[in-house]
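Since the structure of chain A is already known, use the hints to place chain B with the ligands on it.
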Amino acid sequence: MHEYSIVEALISRVAEEAEARGAAGVSRLYVKIGALSGVEPDLLASAYELFSERTICAGAELRIERVEERWACSGCGRAVERGAALVCPECARPARLVQGDEIVLERIEMEVP
Amino acid sequence: MCLECGCGDPEIVPVDVHEKILAGNDRAAAHNREHFTSRGILALNLMGSPGSGKTAILEATAPKLRGSFALGAVSGDLATDHDAERLRAAGIPALSITTGSACHLDAAMVHHALHDFPRNKLDIFVIENVGNLVCPAVYDLGQHANVVALSVTEGEDKPLKYPVMFLKADLVLLTKTDLLPHLTGMRIERFEEALARVMPAPKMIPVSTHSGEGLDEWIAWLRERLALRAEHGLHNARQPHAARSASGH
Ligand SMILES: Nc1nc2c(ncn2[C@@H]2O[C@H](COP(=O)(O)OP(=O)(O)O)[C@@H](O)[C@H]2O)c(=O)[nH]1
Ligand SMILES: [Mg+2]
Ligand SMILES: [Zn+2]
Ligand SMILES: [Zn+2]
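Heads up: the sequence lines are chains A and B, in that order.
According to our numbering, the stretch in the first sequence is residues 1 to 113, in order.
According to our numbering, the stretch in the second sequence is residues 1 to 249, in order.
These are calculated hints, taken from the structure and not from any lab test.
On a predicted model such as this, the values are computed, not experimentally measured, just so you know.
A portion of the hints provided could be inaccurate.
Listed next, the stretches of chain B that the computed footprint assigns to chain A, with coverage defined by at least 3 CB atoms under 8 angstroms from CB atoms of chain A [to be verified]:
id, stretch
1, 17–24
2, 99–113
3, 135–143
Glycine included, C-beta positions come from ideal geometry on N, C-alpha and C.
Bound conformation, chain A alone (with noise of 0.2 angstroms):
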């Protein structure tokens, strides 16, 4: 389960931020998840829960936001849905993804004495 290197990853990025910022605590993270990055939300949920013991972020709340998949053409721009073939409708090019292999780290909210 790779949800736990992710949140390994996660951990040490807030780490030295704060630190950089000289925060004493971490309250709120926000991350967002896309429906196709592979990763599992409710299984980072838990696996953060596990790891963030004894951390800069014990405590803090992970705020986790969902990403649909979106997909458009890749000549025309029109929007494509998944369900059948991922080709344009119109002009017959592969789609590409627009929205949804998101696994980011959007803000962090921290307690600075």
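Then chain B with the ligands, alone, in the frame of chain A:
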């Protein structure tokens, strides 16, 4: 400090980051890619379920490239050196990357393996990932292309169940086609249809290391990729476009 009464309560400060959580892995991957590209080595990330035939493909590829292109490989293995031994027996310089409990390779593991790798001059470097249709797709290793081995016995619904893996594939090798006659009602078109629903510009080559079917087409694909390195340098593996804006920091 609390401005109203000066009581010394900590202030909550929002800090915008907008960065990929795996940015550290991406940096290590970029370093690996630079290593490969600057030496003119085509690097492939070979993924697929355990037993899908990844090692068998490499064993069958070695004799076909002998005398024209030098092939090297590392093999992600939970506990043993078995795959790398098979590859060396097939004449491919190979090391294993023992991952312990990790279900995927990351760029740092590949970087370490590169330092240990015998310094042969190589044309193609294949990273055989840990057998798993989920986790390996999440980690960029610095490859130029992703190849996914899917065996006919796994069922044609697998691209739909594991869309992330197939979305990132540049090529799917549909393996063990010699077994198709034993699978009642199974046709190659059903794999093609499923793949087209999750993989933009789908590219699939049906192969069998037993009958030899499709191996020449696979070798032709490799040669085509190698030819590109002379013309325009090596291209990057298919990476999703959406998160790109978040990586610029
Ligand atoms: N019938 C058949 N069996 C194959 C073929 N390729 C591999 N196998 C068998 O599938 C099993 C797993 O192959 P292996 O290369 O170890 O898969 P890996 O785990 O993906 O590296 C082995 O028993 C192979 O002999 C094939 O083309 N046809
Ligand atoms: Mg193997
Ligand atoms: Zn995993
Ligand atoms: Zn179009």
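Checked hints:
Remark: the stretch 17–24 of chain B is confirmed as covered by chain A, as 8 of its residues place a Cβ nearer than 8 angstroms to a Cβ of that chain, reaching the required three. Counting residues of the stretch 99–113 of chain B whose CB falls under 8 angstroms from any CB of chain A gives 4; the rule of at least 3 is met. Three residues within the 8 angstroms Cβ limit are the bar, and the stretch 135–143 of chain B against chain A gives 4, so the coverage statement holds.
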